[in-house]
Each structure stands twice: as structure tokens, then as C-alpha cells.
Amino acid sequence: MDKFRMMFQFLQSNQESFMNGICGIMALASAQMYSAFEFSCPCMPEYNYTYGIGLLVIPPIWFFLLGFVLNNNVSVLAEEWKRPTGSRTKDPTILRYMFCSITQRSLIAPALWVSVTLMDGKSFLCAFSINLDIEKFGNSSFVKGMSETEKIRLLARIPCKDLFEHQEIRVAATRYIKCISQACGWIFLLMMTFTAFLIRAIRPCFTQAAFLKTKYWSHYIDIERKMFDETCKEHAKSFAKVCIHQYFENISGEMQSLHCHRSGQDDSGDEGEDKRSDEDKLLGIRAQDDMNKVLWNWHTSKPALALRKDQMDGENSSKLNGKINEGFNGFANGHAHETKKREWAVYYSKV
Amino acid sequence: MERLKLVLQYFQSNSESISNGICIVLALVSVKLYTSFDFNCPCLPQYNKLYSLGVMTVPPIIFFFLGVLVNRHTGVMMDEWMRPVGNRSKNPAVVKYLFSAMLQRALLAPMVWILVTLLDGKIFICAFSVSVDPGLFSGVPNNTGLDVIRIMAKVPCKEDVIFQNSSFRKAVSRYVRCYSQAVGWSILLFLIVLGAMGRLIKPCFEDHAAFLQTRYWSNYLDVEQKLFDETCVLHARDFARKCVVQFFEDMTEDSILHLPHPPFISNVSERWEEEEERLHGVTRQEQMDQLLNKWYYGKPELDVTRIAHRPRPCLAGGNLEPTYLLGCYY
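Protein chains in written order, with full-length UniProt numbering: chain L, 1 to 351; chain B, 1 to 330.
Check the hints yourself; a few may be wrong.
Said to hold, decoys possible - Residues on chain B that point at chain L, a partial pick, calculated with CB under 7 angstroms: (1) Ile62; (2) Thr74; (3) Ala236.
Claimed, not checked - No more than 25 angstroms apart at the CA atoms, straight line, and that leaves these computed lysine to any residue pairs for SDA-like: (4) Lys96(B) x His208(B); (5) Lys299(B) x Arg203(L); (6) Lys226(B) x Thr93(L); (7) Lys90(L) x Thr300(L); (8) Lys32(B) x Ala36(L); (9) Lys215(L) x Glu286(B); (10) Lys242(B) x Asn297(L); (11) Lys49(B) x Phe163(B); (12) Lys215(L) x Gly281(B).
Think of the hints as simulated: they come from the structure by calculation, not from any bench.
Quick reminder that beta carbons are idealized off the backbone N, C-alpha and C, glycines included.
In isolation and in its complexed conformation, chain B is listed as follows (with noise of 0.2 angstroms):
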């Protein structure tokens, strides 16, 4: 339990962890998926390539598309490529390195079910079983009315009839399971060279303090639109805790506005100022309308220059009249 913990507390600390999180479980959900599902050749020489090519190139898809589905870095992507360019030049060494991150990850679930049937064997046997030469084997059952193809098609169906008491149909198996595990390791291989080349390489061709700021500002808006978010949910919940109350104090008679005091003002007025300020002054549907519009169409720069170097205001001397000072950072 606690290791599991640690692994989930692990995962969840930054947004790429999250991201490569999620690709290793895709990779594992499509090893679970292949080992569950039933893998049912047709054993009829007209389909079974088919089939076999069919399991073998559709689901890869489907997990690509889910990859790409499941990414958080690509409603990134599509958000800083689509967006209008606004008070924010637009920098495509971004795009180009969200997109290449995405389509990396995107593409690990895949190949493992691609390596994991061409290791397994039963989509080659199944697909290439017509294509052996019976004449290399022996014991191929005669005695049935059928011919040669049809034999063959039937070797990957192991509950056959024909087959029994015969070493033919194994032998057949064996071999073309041999064929397939030796194309799939060498697919590993390949990919495994082609990584370790990539990553060797790569530092000759780049430039790595190009590589920095683009990883940083990638990183940057990924974590403004969580932040974003963050603050629109902050800020609807007081928004609407304010309209309720509004709501309950206009129903109200007349009555309460002949008190000397309302109420239920003094005691809450600390909380209530903390909760304006976190209303940073909008407080119209109107004004959220524009706030939101503009966020997508004009993107504010990225300076803030002026609000960390707001002036704050601080106690000074005996009186506790606030003062501005400049640089006064109590």
C-alpha cells in the first residue's frame, strides 16, 4: 500500500510524470487486453489473413487515437497552435516539440501490442499458415477429402478433427512461430537502436540552450492552463456564494434597513473583503464574458513586471494608518 502511494505521489508531482504515467498504463491495459481477448482464427483459406492482419493493425490505431485522446499536452498543443496571436508572439519551436512529445508517448502503447503478438506468434501462424510448403513436414493427413490449402488454413485451429494423432500441425506452428518471434525481436531491436542513436546523436545537431527555453515555455503553458482553470473554479464559487447571499438580502422587507447596523455585516467583513479581493473586481456576467474571450483572443504578455514590483503597503513608525512606500516588502 504504501509503495503504491508513493508510486501515485510520484506520478502525479509534475505534469510530465503524469503524462508518462498514463502511457505506461496504456501500455499495460493493451498487454491485459491481448491476453484476454480470444484470438479466434477463421481456419477458412479466404479469411484468415484477414483476421489476422486485422488484429494485428486495428487495435494499434484504436490505442493511438487513445493516447492522443488521454494527453493532456494536447489540448496544449492544439490551444497554442489555434490561437489568434493576441498581446503573445507565437513560437513554433513549441508546437513542434509538444507535438513531437505527444506523438512519442502516443506511440508506446502500439508497438507493445504489436511486439506482443509477433512474439506471441498466433497472428503469424494464423495468417502465414497457408504459405508454408507442406513438403517440408511430414505426416500431413491425406486420408481427408480436402486439399492442400484448406489443410494448411486449418493448421492454426489446434481442436481439429484432422489433426489428431499427428505432429504435423505442431511442427507447422513451431515453425511459423519461429519466423514471427524472429521479426519481432528484431522490430525491438531496431526501435531499441534507433532511441539509443537518436539520444547520442541528437546533442551534435541541436542547440541545447534552444532546447531549454523551448522545454521551459512548454512546460510554462501547460501550467497556465492550470492554473487558469484553477482560478476560474476559485472565482465562480465566490461569485456564487456572493449572488446567493445578494439574493437572500434583496428578498428581505424592509424591516432589516430600519436596524442602526446591518447585522450580519459586522462580523464578516473580514471574510467578506478577503472575498472581494479574490473576485479581482469582476463581478459582472458581462465582465466574465470579456475576461474569458479575451483570454483566448488577445493572450497577455508574458511580463509581470508590474505586479511583482507592486508597491505594498506597510506599518510605519507608530500610527497604523497604512503608507505606501516604495520597495517596503513587509
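Chain L extracted, bound-state conformation (with noise of 0.2 angstroms):
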């Protein structure tokens, strides 16, 4: 247990262990479902190859669509995606980026699956042991009298031991074709690492620069999305005590403030305290409305990439907010915004 937990720790660190584990964990669950699964060819002519190849391919599909399922990305990448521009501009190859790493991630548990269905050998012989030409493994006098349907219903048994007769035959017939399934493995895992080594280590050589701003703004949605999450849980925390406190307030009227007078003398500080980091919480949203045209706008027009310098002094920080909400908020009464932002300007002056 105690290894258990240490593993869960590590993995759950940061966001990249984290999705590189349930990769790893779903790689181990492809192998562990193939040994335990009983592979029972129906050493039958018409539906051998279909058992044997659909064997191979179907479950590879499964996993793949099993790892979109699981990974926390695929939900940002579709918001992203289908979210109107609002006043900040698409940028298609963060979506490219996104989509690359949640497929090669996916793709893990699918080529495991392939790879040790093929070293195993079993979907191979059956679902081509009625291909094989029998007279090259032995002495194969008992198949001269028979027509071409007996022939190949004969072939079709070879993957069943119980059901073919000739031991030395099969056993020859099963290390043949066992061997070009092991081959074919082998070449797959090849061709696999060799196509990601390509990926990783000649990559660089192409696209360097591009490459560190998309992981960075891609990386950055990511946060972006959760601490919004973040702040919306906070704000309905605040916003819940302050809507209690008001209803409290304004149910026993007189009788409440008064003994709030009386008995809260000690105290007093304290919860003003509270009730004031409870109000900062809120952000300024007090009302319903508010807060569903925030959580509306958030999607319908997501805010520029452009924050506000708020420490510079008065004039100059009014004139730049003015100048970028301009150019990138597109706001039509930039004016009127100028004038809000000189006021919250002198607020935010130490003086």
C-alpha cells in the first residue's frame, strides 16, 4: 500500500506525470487484458480470419479512444476550439499542438496491444493457417484424396490442438507462421520507435521557435482554464456567505443588529475582518446576472492577452489602458473606459 501511495504522489506532481501515468497504467491494463484473455480460434474456414485479424485491430481502437476519454486535455482542446473569437485571436497551431500530444499519448496502449498480440503469435495462425501450403512441413500423404473445401476446412483446425490430429504437422505449421508474427512484431515496434525518434530528436532542427511559443500559450489555456475555476469556486463561497449573512440580516432586522452590537464588541474585529476579505472575494459581482453574463462572456468572448499596468502613475497608465483596450478590446466607447480607468488609477496610486 505504502507503494501505492508513494507512486500516486509522484504522479500526481504535476499535470505532465499525472497524464504520463494514466498512459503507463493504461499500457500495463492493454497487457494485463491480453493474458488474461482467452483466445479461442473457431478453427472454422469463414470465421477464422475474421476472429483472428478483428482480434488484432478492434481492441488497439478501444484503448485509442479509451485514452481521448481519459485525458483532461481533450475537453480544452474542444473548448478551445469551438469558442467564438471574442477579442482573442485563434491561434490553429496551438490546436495542432494540443491535438499531437493528447493522439501520441493515446497511441501508446493500442501499439502495446499490437505488438504483444504479434509476438504472441495466436491471431496469426488464426486467421492464416488456411493459407499455408501443407505439403512443406512433413508427411502430408493424408491430405492427397481430399477436395479443396475438405482441404481447407482441415487447414482451418490447425490452431485447435485438440482438433487436428497430425501433432508434427501442426507443431510445424504453428512455428511457421508463429515466426512471421513474431517478424511482423518486430518490425511494427520498429517502425513505431523509429517514427518517434524522428518526431522527437529531428524536430528541433525545424521548428524550434514556433514550437516554444505554442507549448507555452498552450500550456498557459491549460491554467488559465483551471483558475478560472479556481476563482469562480472562491467567488460562489464568498458570494454564498455574504447572501446568508444579508438574509440573516434582513430577516431578524433590528433584534440582530443589535445583538450583533452587544455581544459582538471583542469580536467585532475579526469578523469585520472576515467580511471584508469575503466582500474582496466577490470581486464586485453581487448580483445573479452578473455572475451568468460573467460565466456567458467568459466562453462568447474570452478577454485579450493584455494586462493592465496598474502601478505606473495616473495620467500615463489612464492613456495606455485607453490605447489597449482600444486596440485589443475593440471596444466601441473606448472613451467612456478611459475615464473609468483615470478613476480606479487613482486609487491605485501609494501615495
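With the hints as a guide, dock the two chains, each given alone in a separate frame, to form the complex.
Dropping the structure here:
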């Protein structure tokens, strides 16, 4: 148990290693599923190929889709793709980068399933036993008198130990197909590794500067989403506290306020501080419609990536803010905002 | 558990030992893969050699690529090699050092696979049983209808019918395995002697001072890249927090502006200052893009005199006004 706890702690330390952890767990799950799965070839000419190849191809597709489902970044990608442009331009390279990294992680478990299946050889044996040339494998006099369909039916029974009588030929044919299957498996692994090598080791030759940019902004989008959720949670908590406090005040009227003045003399300081910090956390949003507008606009019109410089002196900051707002936020009433910001600048100065 | 934790902590202490740790893990994975791989000799004259040599050479290639991929130094080396000169001159010795370090580490797992296959012997038996002269051994099964080549090709397969009650197969296998192990031990001895000679003779030929410099600057590049990534992550976090709060502020109605003092500023002004400092003045998308672009196209020179000797504010006398005195280190 201790080992598991330590592993979980390490994996949850940051988002990347968490995703790598999920990826590793899925790979192990796919290997475990293969060994636990009882492969039973139907040993009939019509169904062998479908069963063998189906077992090679369909579980990887399932694992690939499962990888997409378990990856948190898929919803981030979908949101970034579908949102209206608003004040923030959309960058297609970021979408491509996120899609590529999600796809790379999701491809590991399917690749492992395919390699384990090929190395084991059973699915190839089931699928291709009817294509064998049985004369190569030993004394095949028993097939001399058979018609085509009977021969095929006989060959289809090779994968099943109990149904095929001539053990020597069966063993030789099994070995042969398994050898081909393992060769395919190794070549598949070599191709995947070589492709990964090309992508990761050779890519810096081509697009390093652009890559730094896309990496930063895709990570930023993820963090911003988390920050927004955190801020909303804090806001909801403070909103609830203030709302309840107001409700009690309204309900009990003067008695409550009298009670507060009498008994609250000693700890009025703390209460006052708490109340103020809750009010602070409201960030000025105090009504349901306002909050709805905030949440609606967060999706339909994301803010521009430009922070106001609030520490500068009054005039400069107001001019800068006005320009920034006109340039990037595209407000029609830029002038009105200029006046508003000037008021704030006065409050922010440290004098 | 404690030992495992200590070992993990040791390996994570610096980037060189992380690379060594990963290299050793890859070597262990290659041994485990060999033991769990179900070696299946086809026992047919045309395919034996092909299969065996394939199993002996393709996995080492795969492990080599994997070793290059998972090594952090690969990325650092490629960055340093491909970057434009900018303000920082390029040092080819550093690139060479990183390349040779990466190559040495990537070659360990393939060598381990090859040595394990040779010492085990199955692959040699599969490949070369056809080339053995059956006359050296007694008990050749000659009642089957097969010719000699096909009989020899079946030697690697234990369960084959023709070898029942016959010690011929075991004798041939032992003979070929003996050769295989001899080759394996010779290769191991050769590699060890090469390594020892290299270690002993190297100081005669190289300039140790230059080597110290190269090693320092390669380690520096690695640490610098890590720190840049970390700083970007921290910056993104602060940028995001501010962007979200700013968005909330923008959405408020006029009511908040009629208050005498925006309430959310008073308690958080200190934290706000700290966060503004962490932004290092980069507050817009274009600025950030320019910063990242410049990091690649015009890497800064290796000179931190300006920031190391920056005058710090200190409190002088009784007044609380910060004054800037050169050489004041409070």
C-alpha cells in the first residue's frame, strides 16, 4: 500500500507526469488484458480470418478512444476549438500541438496491444492457417485424396490442438506462422520507434522557435482554465456567505443588529475582517445576473491577452489602458472606459 | 521501501544521474524483454538464419532509438547545435561532449541485449545448427525420410518427434551453445578492455582544463533550459490568474466604481505586488511571443554582471523611505 501511495503522490505532482502516469497505467492494463483474455479460435474457415484480425485490430481502436476519454486535455482542446473569437484571436498551431500531444499519448496502449498480439502469434495463426502450403511441413499424405473445401476445413483446424490429429505437422505449421507473426511484430515496433525518434529528435531542427511559443500558450490555456474554475469556486463561496449573512440580517431586523453590537464588541474586529475579505473575494460581482453574464462571456468572448499596468502613475496608465482597450478589446466606447480607468488609477497610486 | 526512496532520491539529484538511471532502467527492461520473449525458431532451413539474425539485430536498434529518445541531453544537444548564434557564441566542443555522452548511454541497452542473447545461446543454435557437421556426433536419426539439412535445421526444436530418445540433439545444441558463449564472453572482455584503456589513456591526450570547461557549460545548458521552462510555467500561472481577475473586474457594473475605495485592493495589494514582480513586466501576448522568439533566435550572452551588482534598496537611519545605495546588501 505504501508503494502505491508513493507512486500516486509522485504521479500527481504535476499535470504532465499525471498524464504520463495514466498513459503507463493504460499500457499495463492492455498487456494484462491480453494475458487474461482467453483466445479461442473458432477453427472454421468462414470465421477464422475475421476472429484473428478482429482481435488484432478492434481492441487497439478501443484503447485509443479510451485514451481520448481519460485525457483531460480533450475538453480543453474542444473548448478552444469551438469558442467564438471574441477579443482573443485563435491560433491553429496551438490546436494542432494539443491534438498531437493527446494523440501521441493515446497511441501507446494500442501499440502495446498490437505488439504483444503479434509476438504471441495466436491471432496470426488463427487468421492465416488456411493459406498454408501443408506439403512443406512434413508427411502430408493424408491430404492427397481431399477436395478443396475439405482441405481448407482441415487447415482451418490447425490452431485448435484437440481437433487436429497430426501433431507433427501442426507443431511445424504453428512454429512457421508464429515466426512470421513475430517478425511482423518486431518490424512494427521498429517502425513506431523510428517514427517517434524522427518526431522528437529531428523536429528541433525545423520549428524550435514556433514550438516554444505553442508550448507556452497551450500550457497557458490549461492553467487559465484551472484558475478560472478556482476563482469561480472562491467567488461562489463568498457569494454564498454574504448572501446568507444578508438574509439573516434582513430577517431578524433590528434585534439581530442589536445583538451583534452588544455581544460582538470583542470579536467584531475579526468578524469585520472576515466579512471584508469575503467582500473582496466577490471581486465586485454581487448579483445573479452579473455572475451569469461573467460565465456567458467567458466562453463567447474571451478577454484579450493583455494585462493592465496598474502601478504606473495616473496619466500614463490611463492613456495606456485606453490605447490597449481600443487596440485589443475593440470596445466601441473606448473613451468611456478611458474615463473609468482614470478613476481607478487614482485609487491604485501608493501615495 | 526506505532503500528504494533513497535510491530514487539519489538518482533525481542531478541531471547526469537521471540520465544514468534511465540508461540502467532501459538495460534492465531489455533483459526482462529477452526473458519474457517467446523465442520461436522456425526449424526450417531457409528461415532459421533470417529469423535468428533478425531477433539478434532488430531489438538492439529499437533500444538504441529508445535510448536516444528518452535522454534529456538529446534535446539540449539539438537545441545548442541548431540555434542561431545570437549574442552567444557557439562552442562546438560542448556539442561534441553532449553527443558522445548521449551515444555512450544509448549504446548500453543494445549491448546488453546482444550479450544476453549470446550467453543464452538459443539464437546461435537456431542460426547455425544447419552449418554443423553431423558426422562429429553419433546418433543421427536416419530413419526419417528427411535429408540431412532438414534434420539439422530441426535441432533447435526440442519437442520435435524425430529426436525422441536421442542424445544427438542435445549434443549438437551444447556444441553450438559453447561457441555462442565463447563469442559472448570475448565481446564482453573486449568492451571492458576498451573501456579501461580509454579511461587510462585519455588523460595523456586531452586537455583536462578544456574538458572541465566543456563539462561545466554542458551542465549549465541543461540547467538553463530546465529553469527557462520552469520560469515560463510560473509566468503562465501568474498571467492566467491576473487575466481571470481582470476579466471579472471588467464585467462589473458601474456600482463598484462609485465606492470610495475598491475593496478588493486593500487586503491583497502586497500579494499583488509580488505577483506583478513575477510577471517581470511581460503582460501582453505580443510581448510574450517576442520573448519566446528572442530566446531562440538571439540567446543572451553569458554575462550576469548587471543583475548581480544591481543596487538593492535598504533602510537608512530612522526614516522608512527606501534609499538606493551602491553596495548596500540588505
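Hint check results:
1. Proximity of Ile62(B) to chain L holds as hinted, the smallest CB-CB distance being about 5 angstroms (cut-off 7 angstroms).
2. The interface hint given for Thr74(B) holds, since its Cβ lies 6 angstroms from the closest Cβ of chain L, which is under the 7 angstroms cut-off.
3. For the restraint placing Ala236(B) at the interface with chain L, the shortest Cβ-Cβ distance is roughly 4 angstroms, inside the 7 angstroms limit, so the hint holds.
4. Under the criterion of a C-alpha separation no larger than 25 angstroms, the hint pairing Lys96(B) with His208(B) is consistent with the structure, at around 15 angstroms.
5. The straight-line distance between the Cα atoms of Lys299(B) and Arg203(L) is roughly 19 angstroms, inside the 25 angstroms bound, and the hint therefore holds.
6. Taking the CA atoms of Lys226(B) and Thr93(L), the gap is about 23 angstroms. The hint holds against a cut of 25 angstroms.
7. Using a Cα cut-off of 25 angstroms, the hinted pair Lys90(L) and Thr300(L) holds, with the two alpha carbons roughly 13 angstroms apart.
8. Between Lys32(B) and Ala36(L) the alpha-carbon distance is near 20 angstroms, which keeps this suggested pair within the 25 angstroms criterion.
9. With a CA separation close to 15 angstroms, the supplied pair Lys215(L) and Glu286(B) stays within the 25 angstroms bound.
10. Distance check on the hinted pair: Lys242(B) and Asn297(L) sit about 17 angstroms apart at the alpha-carbon level, within 25 angstroms; holds.
11. At roughly 21 angstroms between alpha-carbon atoms, Lys49(B) and Phe163(B) fall within 25 angstroms of each other, so this suggested pair holds.
12. Restraint check for Lys215(L) and Gly281(B): the C-alpha separation of about 21 angstroms stays at or below 25 angstroms, so the hint holds.
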